[in-house]
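Undergrad: Sequence:
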Amino acid sequence: MTFLHNLVYRHYFLVTLRGHIGYFLRYLHFKFTNRLISILPNRNVPRKYYLSACVRIKNEARFMPEFLAYYKSLGFEHVYIYDNNSTDEISQILKPFIDEAFVSIVDWPRVPAYPSCYIDFFSTKACESKWVAFVDADEFIVEKKQGELLSLLKSTRASSIGINWRMYGSSGHEKLPSGLVIENFLMTDEKYNAHVKVVVDPAKVTGLWNSHNFFYKHLRYSVSATGQVFWGTFVRPSKNAVVWINHYVYRSKEDSLRKATQGYVDPQGYIQKARTLETINQEFDNHNEVEKAMTPEKLCEVKNIMIAMGYSSPYVCTD
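Mapping of the sequence shown onto the numbering used here: position 114 corresponds to residue 114, and the numbering continues sequentially without gaps.
Read the hints as simulated data drawn from the structure, not as lab findings.
Note that this is a predicted model, so its numbers are computed, not measured.
Honestly, I wouldn't trust all of these hints.
[Unchecked claim] Label pairs and their calculated CB-CB ranges:
hint	residue 1	residue 2	range
1	Thr233	Arg110	20 to 26 Å
2	Glu174	Glu278	15 to 21 Å
3	Asp319	Thr233	38 to 44 Å
4	Asn281	Leu28	40 to 46 Å
5	Gly310	Leu28	50 to 56 Å
[Unchecked claim] Derived DSS-like pairs (lysine-lysine); straight-line CA-CA distance at most 25 Å:
hint	residue 1	residue 2
6	Lys48	Lys130
7	Lys253	Lys175
8	Lys144	Lys95
9	Lys48	Lys154
10	Lys253	Lys154
11	Lys95	Lys292
12	Lys239	Lys191
13	Lys298	Lys191
14	Lys154	Lys204
15	Lys303	Lys175
16	Lys239	Lys175
17	Lys298	Lys239
18	Lys191	Lys48
Glycine included, C-beta positions come from ideal geometry on N, C-alpha and C.
Please work from the sequences and hints to get the whole structure.
TA: Right, dumping it as C-alpha coordinates:
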(Lines of atoms letter the chains of each structure in order from A and count residues from 1; the text may use other names and numbers.)
(Lines give C-alpha, C1' and ligand atoms only; values in the text may rest on other atoms or scores of the structure.)
Protein backbone atom coordinates (compact mmCIF):
# COMPACT_ATOMS: atom_id res chain seq x y z
CA MET A 1 0.00 0.00 0.00
CA THR A 2 2.85 2.35 0.87
CA PHE A 3 4.51 1.46 -2.45
CA LEU A 4 1.35 2.32 -4.37
CA HIS A 5 0.94 5.56 -2.43
CA ASN A 6 4.52 6.57 -3.23
CA LEU A 7 4.05 5.64 -6.89
CA VAL A 8 0.92 7.76 -7.19
CA TYR A 9 2.60 10.65 -5.40
CA ARG A 10 5.64 10.49 -7.68
CA HIS A 11 3.41 10.36 -10.76
CA TYR A 12 1.46 13.40 -9.57
CA PHE A 13 4.72 15.21 -8.77
CA LEU A 14 6.14 14.46 -12.24
CA VAL A 15 2.96 15.56 -14.02
CA THR A 16 2.88 18.76 -11.99
CA LEU A 17 6.56 19.42 -12.63
CA ARG A 18 6.11 18.81 -16.35
CA GLY A 19 3.21 21.26 -16.38
CA HIS A 20 5.28 23.93 -14.62
CA ILE A 21 8.16 23.46 -17.07
CA GLY A 22 5.84 23.52 -20.10
CA TYR A 23 4.13 26.67 -18.87
CA PHE A 24 7.48 28.40 -18.26
CA LEU A 25 8.82 27.36 -21.69
CA ARG A 26 5.70 28.63 -23.43
CA TYR A 27 6.04 31.93 -21.59
CA LEU A 28 9.69 32.25 -22.67
CA HIS A 29 8.82 31.28 -26.26
CA PHE A 30 6.11 33.93 -26.42
CA LYS A 31 8.36 36.53 -24.83
CA PHE A 32 11.41 36.03 -27.02
CA THR A 33 9.45 35.67 -30.27
CA ASN A 34 7.56 38.90 -29.51
CA ARG A 35 4.27 36.98 -29.33
CA LEU A 36 3.64 37.74 -25.66
CA ILE A 37 0.77 40.20 -25.34
CA SER A 38 1.35 41.88 -22.01
CA ILE A 39 -1.51 42.90 -19.77
CA LEU A 40 -1.24 45.80 -17.36
CA PRO A 41 -4.25 45.70 -15.03
CA ASN A 42 -5.20 49.09 -13.64
CA ARG A 43 -5.20 48.16 -9.94
CA ASN A 44 -6.06 51.72 -8.90
CA VAL A 45 -9.69 51.62 -10.01
CA PRO A 46 -12.16 51.41 -7.09
CA ARG A 47 -13.60 47.97 -6.36
CA LYS A 48 -17.31 47.78 -7.20
CA TYR A 49 -18.12 44.09 -7.56
CA TYR A 50 -17.10 40.71 -6.23
CA LEU A 51 -18.02 38.77 -9.41
CA SER A 52 -18.59 40.02 -12.95
CA ALA A 53 -18.29 38.74 -16.51
CA CYS A 54 -16.69 39.98 -19.72
CA VAL A 55 -18.14 38.89 -23.06
CA ARG A 56 -17.37 39.78 -26.70
CA ILE A 57 -20.31 39.78 -29.09
CA LYS A 58 -21.34 40.44 -32.66
CA ASN A 59 -25.08 40.42 -33.44
CA GLU A 60 -26.12 38.41 -30.38
CA ALA A 61 -29.05 40.61 -29.31
CA ARG A 62 -31.55 37.76 -29.74
CA PHE A 63 -29.73 35.80 -27.04
CA MET A 64 -28.35 38.41 -24.64
CA PRO A 65 -31.45 39.03 -22.45
CA GLU A 66 -31.43 35.33 -21.54
CA PHE A 67 -27.66 35.36 -21.04
CA LEU A 68 -27.83 38.34 -18.68
CA ALA A 69 -30.83 37.02 -16.74
CA TYR A 70 -29.08 33.68 -16.34
CA TYR A 71 -25.86 35.18 -15.00
CA LYS A 72 -27.85 37.45 -12.72
CA SER A 73 -29.47 34.32 -11.28
CA LEU A 74 -25.99 32.94 -10.50
CA GLY A 75 -25.09 35.97 -8.39
CA PHE A 76 -23.07 37.94 -10.94
CA GLU A 77 -23.21 41.64 -10.16
CA HIS A 78 -22.21 43.09 -13.52
CA VAL A 79 -21.52 42.11 -17.15
CA TYR A 80 -19.19 44.02 -19.48
CA ILE A 81 -20.08 43.61 -23.15
CA TYR A 82 -17.60 44.47 -25.91
CA ASP A 83 -19.79 44.96 -28.97
CA ASN A 84 -17.97 44.38 -32.26
CA ASN A 85 -19.97 46.31 -34.89
CA SER A 86 -23.36 44.74 -34.20
CA THR A 87 -26.30 45.84 -36.34
CA ASP A 88 -29.12 44.32 -34.25
CA GLU A 89 -29.95 47.23 -31.88
CA ILE A 90 -28.23 45.63 -28.91
CA SER A 91 -28.42 48.76 -26.70
CA GLN A 92 -32.15 49.14 -27.23
CA ILE A 93 -32.87 45.46 -26.58
CA LEU A 94 -30.80 45.43 -23.39
CA LYS A 95 -32.18 48.73 -22.07
CA PRO A 96 -33.84 47.11 -19.01
CA PHE A 97 -30.47 45.72 -17.90
CA ILE A 98 -28.69 48.97 -18.74
CA ASP A 99 -31.20 50.95 -16.68
CA GLU A 100 -30.48 48.66 -13.72
CA ALA A 101 -26.72 49.24 -14.20
CA PHE A 102 -26.26 45.48 -14.53
CA VAL A 103 -24.54 45.75 -17.90
CA SER A 104 -22.04 48.08 -19.57
CA ILE A 105 -21.74 48.06 -23.37
CA VAL A 106 -18.44 49.14 -24.89
CA ASP A 107 -18.52 49.82 -28.63
CA TRP A 108 -15.42 48.14 -30.05
CA PRO A 109 -15.13 48.57 -33.84
CA ARG A 110 -11.67 47.05 -34.32
CA VAL A 111 -11.77 43.85 -36.40
CA PRO A 112 -11.14 41.34 -35.01
CA ALA A 113 -12.09 42.52 -31.52
CA TYR A 114 -9.68 40.18 -29.73
CA PRO A 115 -7.09 40.72 -28.31
CA SER A 116 -7.41 44.52 -28.26
CA CYS A 117 -10.70 44.48 -26.33
CA TYR A 118 -9.12 42.42 -23.52
CA ILE A 119 -6.17 44.80 -23.32
CA ASP A 120 -8.61 47.70 -22.99
CA PHE A 121 -10.71 45.85 -20.42
CA PHE A 122 -7.77 45.17 -18.13
CA SER A 123 -6.45 48.72 -18.42
CA THR A 124 -9.80 50.32 -17.59
CA LYS A 125 -12.37 48.10 -15.89
CA ALA A 126 -11.21 44.60 -14.92
CA CYS A 127 -10.05 45.46 -11.41
CA GLU A 128 -13.45 46.88 -10.55
CA SER A 129 -14.16 43.23 -9.71
CA LYS A 130 -12.43 40.72 -7.45
CA TRP A 131 -13.26 37.95 -9.98
CA VAL A 132 -14.13 38.11 -13.70
CA ALA A 133 -15.50 35.27 -15.84
CA PHE A 134 -14.39 35.39 -19.49
CA VAL A 135 -17.15 33.65 -21.42
CA ASP A 136 -18.97 33.86 -24.75
CA ALA A 137 -22.65 34.51 -25.35
CA ASP A 138 -23.34 30.81 -25.94
CA GLU A 139 -21.64 29.67 -22.72
CA PHE A 140 -23.62 29.21 -19.49
CA ILE A 141 -21.89 28.30 -16.23
CA VAL A 142 -23.95 25.58 -14.53
CA GLU A 143 -23.81 24.74 -10.83
CA LYS A 144 -24.58 21.32 -9.39
CA LYS A 145 -26.03 23.18 -6.41
CA GLN A 146 -26.90 26.85 -6.06
CA GLY A 147 -23.90 28.84 -4.82
CA GLU A 148 -21.16 26.37 -5.82
CA LEU A 149 -19.28 28.91 -7.97
CA LEU A 150 -19.13 31.56 -5.25
CA SER A 151 -18.06 28.91 -2.76
CA LEU A 152 -15.18 27.84 -5.02
CA LEU A 153 -14.01 31.41 -5.53
CA LYS A 154 -14.07 32.21 -1.82
CA SER A 155 -12.03 29.12 -0.93
CA THR A 156 -9.36 29.08 -3.68
CA ARG A 157 -5.84 30.48 -3.50
CA ALA A 158 -5.29 30.11 -7.24
CA SER A 159 -5.15 32.96 -9.76
CA SER A 160 -8.05 31.47 -11.73
CA ILE A 161 -10.54 28.64 -11.83
CA GLY A 162 -10.94 26.73 -15.09
CA ILE A 163 -14.38 25.36 -15.92
CA ASN A 164 -14.82 22.57 -18.48
CA TRP A 165 -17.20 22.76 -21.41
CA ARG A 166 -20.12 20.45 -22.02
CA MET A 167 -20.93 20.73 -25.72
CA TYR A 168 -24.58 21.05 -26.77
CA GLY A 169 -25.77 20.40 -30.31
CA SER A 170 -28.71 21.29 -32.52
CA SER A 171 -31.27 19.08 -30.72
CA GLY A 172 -32.72 18.65 -34.21
CA HIS A 173 -33.65 22.33 -34.68
CA GLU A 174 -33.38 23.52 -38.27
CA LYS A 175 -34.91 26.89 -37.33
CA LEU A 176 -34.23 28.83 -34.14
CA PRO A 177 -37.27 28.36 -31.91
CA SER A 178 -38.76 31.09 -29.74
CA GLY A 179 -37.90 31.02 -26.06
CA LEU A 180 -34.84 30.17 -24.02
CA VAL A 181 -31.79 28.45 -25.46
CA ILE A 182 -31.36 26.60 -22.15
CA GLU A 183 -34.90 25.24 -22.50
CA ASN A 184 -34.96 24.41 -26.22
CA PHE A 185 -31.54 22.78 -26.63
CA LEU A 186 -31.35 19.63 -24.52
CA MET A 187 -29.02 17.26 -26.41
CA THR A 188 -25.36 17.13 -25.50
CA ASP A 189 -22.27 14.93 -25.46
CA GLU A 190 -22.20 12.18 -22.89
CA LYS A 191 -18.84 13.40 -21.55
CA TYR A 192 -17.43 16.79 -20.68
CA ASN A 193 -14.90 18.48 -22.97
CA ALA A 194 -11.29 19.16 -21.92
CA HIS A 195 -11.48 22.80 -23.06
CA VAL A 196 -11.94 25.34 -20.27
CA LYS A 197 -12.92 28.93 -19.80
CA VAL A 198 -11.66 30.76 -16.73
CA VAL A 199 -12.83 32.94 -13.88
CA VAL A 200 -9.79 35.04 -12.95
CA ASP A 201 -8.49 37.41 -10.33
CA PRO A 202 -7.73 40.27 -12.76
CA ALA A 203 -5.14 41.88 -10.48
CA LYS A 204 -2.89 38.81 -10.97
CA VAL A 205 -2.98 38.75 -14.79
CA THR A 206 0.19 39.70 -16.68
CA GLY A 207 -0.41 38.49 -20.24
CA LEU A 208 -2.64 36.66 -22.72
CA TRP A 209 -2.19 32.92 -23.25
CA ASN A 210 -5.14 32.84 -25.67
CA SER A 211 -8.86 33.59 -25.51
CA HIS A 212 -9.29 30.77 -22.97
CA ASN A 213 -6.66 31.65 -20.37
CA PHE A 214 -3.92 34.05 -19.29
CA PHE A 215 -0.43 34.30 -17.83
CA TYR A 216 -0.33 35.27 -14.16
CA LYS A 217 2.03 36.98 -11.71
CA HIS A 218 4.95 34.79 -10.64
CA LEU A 219 3.83 32.33 -13.36
CA ARG A 220 1.06 31.11 -11.05
CA TYR A 221 -1.23 28.27 -12.05
CA SER A 222 -4.93 27.78 -12.56
CA VAL A 223 -7.04 25.12 -10.88
CA SER A 224 -10.02 23.21 -12.21
CA ALA A 225 -13.39 23.08 -10.48
CA THR A 226 -12.20 19.88 -8.78
CA GLY A 227 -8.84 21.33 -7.72
CA GLN A 228 -6.58 19.99 -10.48
CA VAL A 229 -3.61 22.24 -11.18
CA PHE A 230 -3.25 23.15 -14.87
CA TRP A 231 -1.87 25.73 -17.28
CA GLY A 232 -3.35 26.90 -20.56
CA THR A 233 -6.49 25.79 -22.37
CA PHE A 234 -7.15 22.19 -21.35
CA VAL A 235 -7.69 20.25 -18.16
CA ARG A 236 -8.86 16.68 -17.74
CA PRO A 237 -12.59 16.85 -16.99
CA SER A 238 -14.07 15.14 -13.96
CA LYS A 239 -17.55 13.70 -13.62
CA ASN A 240 -17.42 14.94 -10.01
CA ALA A 241 -17.26 18.61 -11.04
CA VAL A 242 -19.61 20.90 -9.15
CA VAL A 243 -19.60 23.54 -11.91
CA TRP A 244 -19.29 23.23 -15.69
CA ILE A 245 -20.15 25.27 -18.79
CA ASN A 246 -23.01 24.36 -21.09
CA HIS A 247 -21.61 25.45 -24.45
CA TYR A 248 -24.51 25.81 -26.89
CA VAL A 249 -22.26 25.65 -29.91
CA TYR A 250 -25.04 24.91 -32.46
CA ARG A 251 -28.17 26.94 -31.77
CA SER A 252 -30.04 25.61 -34.85
CA LYS A 253 -28.89 25.37 -38.45
CA GLU A 254 -30.41 28.79 -39.11
CA ASP A 255 -28.30 30.46 -36.43
CA SER A 256 -25.14 28.57 -37.38
CA LEU A 257 -25.45 29.83 -40.96
CA ARG A 258 -25.97 33.36 -39.67
CA LYS A 259 -22.83 33.18 -37.55
CA ALA A 260 -20.75 31.62 -40.33
CA THR A 261 -21.57 34.36 -42.83
CA GLN A 262 -20.89 37.36 -40.59
CA GLY A 263 -17.61 38.67 -39.19
CA TYR A 264 -15.87 37.19 -36.16
CA VAL A 265 -14.66 38.72 -32.92
CA ASP A 266 -11.33 36.85 -32.81
CA PRO A 267 -8.72 35.76 -35.39
CA GLN A 268 -9.46 32.05 -34.93
CA GLY A 269 -13.00 32.62 -36.17
CA TYR A 270 -11.73 33.94 -39.49
CA ILE A 271 -9.39 30.97 -39.85
CA GLN A 272 -12.26 28.53 -39.30
CA LYS A 273 -14.85 30.38 -41.41
CA ALA A 274 -14.34 28.38 -44.62
CA ARG A 275 -14.39 25.09 -42.73
CA THR A 276 -17.57 26.10 -40.91
CA LEU A 277 -19.42 26.92 -44.14
CA GLU A 278 -18.45 23.58 -45.63
CA THR A 279 -19.41 21.46 -42.63
CA ILE A 280 -22.53 23.09 -41.17
CA ASN A 281 -24.76 20.26 -42.41
CA GLN A 282 -22.40 17.67 -40.97
CA GLU A 283 -22.16 19.45 -37.62
CA PHE A 284 -25.96 19.45 -37.33
CA ASP A 285 -25.74 15.92 -35.88
CA ASN A 286 -22.79 16.53 -33.56
CA HIS A 287 -23.11 16.78 -29.76
CA ASN A 288 -26.55 15.13 -29.68
CA GLU A 289 -25.71 11.93 -27.77
CA VAL A 290 -27.75 12.28 -24.57
CA GLU A 291 -30.41 14.55 -23.13
CA LYS A 292 -29.33 16.78 -20.26
CA ALA A 293 -31.86 19.45 -19.38
CA MET A 294 -31.46 22.51 -17.19
CA THR A 295 -33.29 22.12 -13.87
CA PRO A 296 -36.92 23.32 -13.78
CA GLU A 297 -35.99 25.60 -10.88
CA LYS A 298 -33.30 27.38 -12.89
CA LEU A 299 -35.57 27.71 -15.93
CA CYS A 300 -38.28 29.24 -13.77
CA GLU A 301 -35.83 31.64 -12.11
CA VAL A 302 -34.45 32.89 -15.44
CA LYS A 303 -37.91 33.27 -16.93
CA ASN A 304 -39.17 35.21 -13.93
CA ILE A 305 -36.24 37.64 -14.14
CA MET A 306 -36.86 38.25 -17.85
CA ILE A 307 -40.63 38.62 -17.54
CA ALA A 308 -40.23 41.03 -14.61
CA MET A 309 -37.96 43.14 -16.83
CA GLY A 310 -40.56 43.27 -19.60
CA TYR A 311 -39.30 40.59 -22.02
CA SER A 312 -41.62 38.34 -23.99
CA SER A 313 -41.44 36.23 -27.19
CA PRO A 314 -39.12 35.52 -28.96
CA TYR A 315 -36.75 35.97 -26.00
CA VAL A 316 -38.86 34.09 -23.47
CA CYS A 317 -42.15 32.21 -23.79
CA THR A 318 -44.66 33.32 -21.17
CA ASP A 319 -47.41 30.71 -21.67
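Undergrad: So, for every hint listed, does it hold in this structure?
TA: Taking the hints in turn, this is what the structure says about them:
no., hint, in the structure
1, Thr233 to Arg110: 20 to 26 Å, "24 Å, holds"
2, Glu174 to Glu278: 15 to 21 Å, "18 Å, holds"
3, Asp319 to Thr233: 38 to 44 Å, "42 Å, holds"
4, Asn281 to Leu28: 40 to 46 Å, "43 Å, holds"
5, Gly310 to Leu28: 50 to 56 Å, "53 Å, holds"
6, Lys48 to Lys130, "9 Å, holds"
7, Lys253 to Lys175, "6 Å, holds"
8, Lys144 to Lys95, "31 Å, violated"
9, Lys48 to Lys154, "17 Å, holds"
10, Lys253 to Lys154, "40 Å, violated"
11, Lys95 to Lys292, "32 Å, violated"
12, Lys239 to Lys191, "8 Å, holds"
13, Lys298 to Lys191, "22 Å, holds"
14, Lys154 to Lys204, "16 Å, holds"
15, Lys303 to Lys175, "22 Å, holds"
16, Lys239 to Lys175, "32 Å, violated"
17, Lys298 to Lys239, "21 Å, holds"
18, Lys191 to Lys48, "37 Å, violated"
In this structure, the hints that do not hold are numbers 8, 10, 11, 16, 18, in rising order.
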